[in-house]
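> Here the protein sequences line up with chains C and L, keeping their order.
Letter by letter, the first sequence follows residues 1 to 163 in the working numbering.
Letter by letter, the second sequence follows residues 1 to 137 in the working numbering.
The set of hints was computed from the structure by calculation and includes no laboratory data.
Where a beta carbon is used, it is the ideal one built from N, C-alpha and C, also for glycine.
Keep in mind that the hints are not guaranteed to be accurate.
[Stated by the list, open to error] Restricting the straight-line Cα-Cα distance to at most 35 angstroms, the calculated cross-link-like pairs of lysine-lysine (DSBU-like) are: (1) L:K114 - C:K40; (2) C:K40 - L:K120; (3) C:K40 - L:K118; (4) C:K40 - L:K116.
[As the list claims (entries may be wrong)] Some chain L residues flagged as far from chain C (calculated, every beta-carbon gap over 10 angstroms): (5) S31; (6) V32; (7) E34; (8) S42; (9) L43; (10) K48; (11) E54; (12) A60; (13) R61; (14) R68; (15) T73; (16) E112; (17) K114.
[As the list claims (entries may be wrong)] With beta-carbon atoms standing in for the labels, derived distance ranges: (18) L:D100 - C:L60: 17 to 25 angstroms; (19) L:G57 - C:R67: 34 to 42 angstroms; (20) L:Q108 - C:G107: 35 to 43 angstroms.
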Amino acid sequence: MDARVSNALRVTTPSDREIVLVRTFNAPRRLVFAAMTEPKHVRQWYGSEAMTLVVCEIDLRVGGAYRFTMRAPDGVHHTMQGTYREISPPDRIVFTEGYVTEGFSSGEALVTSVFTEAGGRTTLTATVLHTSRENRDGHLSSGMETGAGAAYDRLAAHLATMA
Amino acid sequence: MPTDPLSITFSALADPTRRAILARLALGETSVTELAQPFAMSLPAISKHLKVLEHAGLIARGREAQWRPCRITPTALKDVDGWLERYRQFWDESFDRLDDYLQELQAQEESEAKLKEKSKKPATKKPKEKNRGRKGK
Numbered sequence: 001m002d003a004r005v006s007n008a009l010r011v012t013t014p015s016d017r018e019i020v021l022v023r024t025f026n027a028p029r030r031l032v033f034a035a036m037t038e039p040k041h042v043r044q045w046y047g048s049e050a051m052t053l054v055v056c057e058i059d060l061r062v063g064g065a066y067r068f069t070m071r072a073p074d075g076v077h078h079t080m081q082g083t084y085r086e087i088s089p090p091d092r093i094v095f096t097e098g099y100v101t102e103g104f105s106s107g108e109a110l111v112t113s114v115f116t117e118a119g120g121r122t123t124l125t126a127t128v129l130h131t132s133r134e135n136r137d138g139h140l141s142s143g144m145e146t147g148a149g150a151a152y153d154r155l156a157a158h159l160a161t162m163a
Numbered sequence: 001m002p003t004d005p006l007s008i009t010f011s012a013l014a015d016p017t018r019r020a021i022l023a024r025l026a027l028g029e030t031s032v033t034e035l036a037q038p039f040a041m042s043l044p045a046i047s048k049h050l051k052v053l054e055h056a057g058l059i060a061r062g063r064e065a066q067w068r069p070c071r072i073t074p075t076a077l078k079d080v081d082g083w084l085e086r087y088r089q090f091w092d093e094s095f096d097r098l099d100d101y102l103q104e105l106q107a108q109e110e111s112e113a114k115l116k117e118k119s120k121k122p123a124t125k126k127p128k129e130k131n132r133g134r135k136g137k
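Required output: the full structure, derived from the provided sequences and hints.
Written out as structure tokens, the structure reads:
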């Protein structure tokens, strides 16, 4: 149970332009790196109960592009996409990340993912660096689109039946 | 149609274009003209959406005659902490799934390693038959 607690995801905003995600996994980093960079693996976990991964393309080389598209319950598609800047398995990967949805696209952020291994466990530290504070806060607000948006739709539909 | 503030807010949010406008405004205050650009929509169409959002108290518009800047009303929406929470939730769920998947991968690798070990040993029989024989023991 203790191990589980210390494995839990931590999200912090150490500066105006950054979001940092830290998560520990009970697996060697060689595996964690592969699971996060190979489509056959990524398809198994990326997304959530509500968000279905419908496109998963990875061209894993410096300058190569990736694209993950998810479909929300309301049928709206949400895409995370970018290009790889640095690939050093199994300890480091750097890529750009942009968010695109119907009629809207965000600015690009630079993501640096570092994998450290100790005692067979791997800690991932992903630093998302935005070009401005406004872009970072916009990124945080994208959760409103993906999560709460659908919930509001359902709630609104429900409210309509009550009227 | 319900006219209480909560219903008005929810019906204003129950539209992908209006949510996209809010997401754009989360990046900062802007003019209607600028706002209309990424949406491939006419100015009157955007203005109509803005009126709905303004009526719901989700955005505020400046009173300057020429340049009426639009901005998100902080009180009508959750603050950055609330957004951060949703962002966290998405990754939390994804990483939990990754956690389970990594366990599967490791179990798979272990059993494959065992099979390799077995096939390394000199055997006259095919591995499949050998396994069958072992099962019987």
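> Compare the structure with each hint and give your call.
Against the structure, the hints come out as follows:
For the proposed pair K114 (chain L) and K40 (chain C), the alpha carbon gap of about 23 angstroms is at most 35 angstroms, so the pair holds. Using a Cα cut-off of 35 angstroms, the hinted pair K40 (chain C) and K120 (chain L) holds, with the two alpha carbons roughly 29 angstroms apart. A hinted pair counts as satisfied when its Cα atoms are at most 35 angstroms apart, and K40 (chain C) with K118 (chain L) qualifies at roughly 28 angstroms. Restraint check: the Cα-Cα separation between K40 (chain C) and K116 (chain L) comes to about 23 angstroms, which is no more than 35 angstroms; the hinted pair holds.
Remark: the non-interface label on S31 (chain L) is consistent with the geometry, its nearest Cβ contact in chain C lying 15 angstroms away (cut-off 10 angstroms). At roughly 16 angstroms from the closest C-beta of chain C, the C-beta of V32 (chain L) stays outside 10 angstroms, upholding its exclusion from the interface. For E34 (chain L), the shortest C-beta to C-beta distance to chain C comes to about 13 angstroms, beyond the 10 angstroms cut-off, and the non-interface label holds. Residue placement check: S42 (chain L) keeps its beta carbon more than 10 angstroms from all beta carbons of chain C (closest about 13 angstroms).
For L43 (chain L), the requirement that its beta carbon stay farther than 10 angstroms from each beta carbon of chain C is met, with the minimum near 15 angstroms. For K48 (chain L), the non-interface assignment is confirmed: its Cβ lies about 15 angstroms from the closest Cβ of chain C, beyond the 10 angstroms cut-off. No Cβ of chain C approaches the Cβ of E54 (chain L) within 10 angstroms, the least distance being about 18 angstroms, so the stated non-interface status holds. Every CB of chain C lies more than 10 angstroms from the CB of A60 (chain L), the least distance being 17 angstroms, so the non-interface label holds.
Consistency note on R61 (chain L): stated as away from chain C, and its beta-carbon is indeed over 10 angstroms from all of that chain's, at 19 angstroms minimum. Separation of R68 (chain L) from chain C is adequate, the least Cβ-Cβ distance of about 20 angstroms exceeding the 10 angstroms criterion. Consistency note on T73 (chain L): stated as away from chain C, and its beta-carbon is indeed over 10 angstroms from all of that chain's, at 14 angstroms minimum. At roughly 13 angstroms from the closest C-beta of chain C, the C-beta of E112 (chain L) stays outside 10 angstroms, upholding its exclusion from the interface.
Interface exclusion of K114 (chain L) from chain C stands, the closest Cβ pair being 17 angstroms apart, more than 10 angstroms. Hint check: D100 (chain L) to L60 (chain C), Cβ distance near 23 angstroms, so the stated range 17 to 25 angstroms holds. The hint said 34 to 42 angstroms for the Cβ distance between G57 (chain L) and R67 (chain C), and at roughly 37 angstroms that hint holds. The given range of 35 to 43 angstroms is respected by Q108 (chain L) and G107 (chain C), whose C-beta atoms sit roughly 40 angstroms from each other.
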